[in-house]
Amino acid sequence: MALRTLLSRRTLAATVRPELGSFLGLRNLVTFSLPDLLYDYGALEPAISGEIMQLHHQKHHQAYVTNYNKALEQLELAVSKGDVSSVVKLQSALKFNGGGHVNHSIFWKNLAPAREGGGEPPKGSLGWAIDTEFGSLETLISKMSTQGATLQGSGWVWLGVDKDLKKLVVETTANQDPLVTKGATLVPLIGIDVWEHAYYLQYKNVRPDYLNNIWKVINWKYATEVYEKECPVH
Amino acid sequence: MGSTCFHTSAAPSSCLLSSTKRSYGLHDLKLKVPISRTRKVSKVLAFYGLRSPPYKLDALEPHMSNRTLEMHWGELHRGYVEGLNKQLERNDILYGYTMDELIKATYNNGNPFPEFNNAAQVWNHNFFWDSMHPRGGNMPTLGLLDQIEKDFGSFTNFKEKFVDAALSLFGSGWVWLVLRKREKRLEVVKTCNAINPIVWDDIPIINLDMWEHAYYFDYKNDRAAYVKNFLDHLVSWDVATARIIRAEAFVNLGEPKIPIA
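So the protein lines, in turn, are chains A and B. The first sequence: position 43 = 43 (this note's numbering), numbered continuously. The second sequence: position 202 = 202 (this note's numbering), numbered continuously.
Just so you know, the hints here were simulated from the structure itself, not pulled from any lab data. Because the structure is a prediction, the values reported are computed rather than measured. Where is the CB? At the ideal position from N, CA and C, for every residue including glycine. Be careful, since some hints might not be right.
[Stated by the list, open to error] Straight-line Cα separation of at most 27 Å, DSSO-like style, residue types lysine-lysine; simulated pairs:
| # | chain 1 | residue 1 | chain 2 | residue 2 |
| --- | --- | --- | --- | --- |
| 1 | A | K229 | A | K216 |
| 2 | A | K204 | B | K220 |
| 3 | B | K220 | A | K216 |
| 4 | B | K56 | A | K70 |
| 5 | A | K109 | A | K59 |
| 6 | A | K59 | B | K220 |
| 7 | A | K89 | B | K190 |
| 8 | A | K70 | B | K220 |
| 9 | A | K95 | B | K161 |
| 10 | A | K182 | A | K109 |
| 11 | B | K86 | A | K59 |
| 12 | A | K59 | B | K184 |
| 13 | A | K204 | B | K56 |
| 14 | A | K204 | B | K86 |
| 15 | A | K95 | B | K190 |
| 16 | B | K190 | A | K182 |
[As the list claims (entries may be wrong)] Chain B is faced by these chain A residues, among others (derived, beta-carbon under 7 Å):
| # | residue |
| --- | --- |
| 17 | L55 |
| 18 | H57 |
| 19 | Q58 |
| 20 | E196 |
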């Protein structure tokens, strides 16, 4: 039955890649849901507390997902009515909440418990590229930590790769702007959330301590995978 | 209580600040200490001091906890003051400005200098502590209420606008009730990071800190509860009234009410 295949396609999409969205019945509006973490909330202790991980995932990221879905519904309505000013007005909500969803989905994959490789330095082509571009991993870490600590207000600090130039870059973005806002060819490898909600309960206002400690749970394996996809080794 | 200024090996001849407790109500102090050529200054000159809130740090419980104030005032606000002092030490040009002048000058029409963040945050937080009171909330009265009803329709409508602005602020920033000088009316505005309406020559009446550090300990991510508690229990309409009375010296809010004998 057509209806049953439609429903099963939705559940399949939702289980395999929830961040890709699912078809909502017959309306053709793709909506999004909160992706699961691949580890327990407490697995990243003592670098990031379980309390923060739970709040960050279940409250903050969920809020971005919920509000993004809401904004999408409103956008669909405005588009179908030809309401140009509403479409334009919704852009900031779409950018903020959509960006929040994109960024946090990457962030959860950027982290891993120590026993699953969190903190282990990158090997292979990414390791080489880091040494070539920055001199050493320590230099890169120091550069990112400094930029993250001096970022005013809320935002993210990124290690990205320019997929056309095949170069590594360190960038910061404000609020929930994704890395592409700094360059259409930039692909994020590692993103570190420096919003206060990411560290305040544990590190209080000492953002530099948070940044020094988070490297112990950074999942370089994921970063290497993404890098090798964009810059294949010949 | 946060009124230290400087240490030298001997007392200088002229000094604007005594070393005794500062009285509440003094605005930001500016020190001009002549550095004697024969004496060595043994420590840092401080240009601004950390002003205490006009109430004890636990006085705003349960709406804003002692823990929050200890961190927010004691560490963060203090950090902005100390950061600003360090920057001013290195900068001869900005020496001698009042706080308001400093903010407008370092804002540089939207391309702010590094000192702006610290200066504006010191100002914003001073204003914020003063905007609250342990027995705050309720409603404004008399002239301020009249003006709010004139510019927003009703006090309820103003509260709705204020809450909406706070909840739709993306990222870190502040929400203000401000008197627009040119339009001669009250408005609710939201600003990013450290930006302050005085850079546009407007007159702030109250503000609310929407940076996450302001509410995270007490409310986690429940911003709506934080804003509502501020409006219902903390905001000091007395202070707001005093501010708008002063503002009337600079903005003509309408026909004068000439009393009939």
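### Query
Are the Cα atoms of K190/B and K182/A separated by 27 Å or less?
With a Cα-Cα distance of about 25 Å, the restraint between K190/B and K182/A holds, given a limit of 27 Å.
### Query
Are K204/A and K56/B close enough, with their CA atoms no more than 27 Å apart?
21 Å, holds
### Query
Are the Cα atoms of K95/A and K190/B separated by 27 Å or less?
Given that 27 Å is the threshold and the Cα spacing comes to 18 Å, the pair holds.
### Task
Below or equal to 27 Å on CA atoms is what counts here, so check K59/A against K220/B.
9 Å, holds
### Task
Report holds or violated for the interface hint on E196/A, using the least CB-CB distance to chain B and a cut-off of 7 Å.
At 4 Å from the nearest chain B Cβ, E196/A passes the 7 Å test, so the hint holds.
### Query
If you take the shortest Cβ to Cβ gap from H57/A to chain B, is it below 7 Å?
12 Å, violated
### Query
Between K86/B and K59/A, does the CA-CA distance stay at or below 27 Å?
Given that 27 Å is the threshold and the Cα spacing comes to 38 Å, the pair is violated.
### Message
What's the verdict on K59/A and K184/B, does the C-alpha distance respect the 27 Å limit or exceed it?
### Response
Measuring from Cα to Cα gives roughly 41 Å; hence the hint is violated.
### Query
Is the hint on Q58/A kept, meaning its closest Cβ partner in chain B is under 7 Å away?
10 Å, violated
#### Entry: Holds or violated: K70/A to K220/B, with C-alpha atoms at most 27 Å apart
22 Å, holds
### Query
Would the pair K109/A and K59/A pass a check requiring their Cα atoms to be no farther apart than 27 Å?
Distance ~18 Å between K109/A and K59/A Cα, so the pair holds.
### Query
Can the restraint linking K204/A and K86/B be considered satisfied, given a maximum Cα separation of 27 Å?
22 Å, holds
Consistency with the previously given hints fails for numbers 4, 11, 12, 18 and 19, ordered from lowest to highest.
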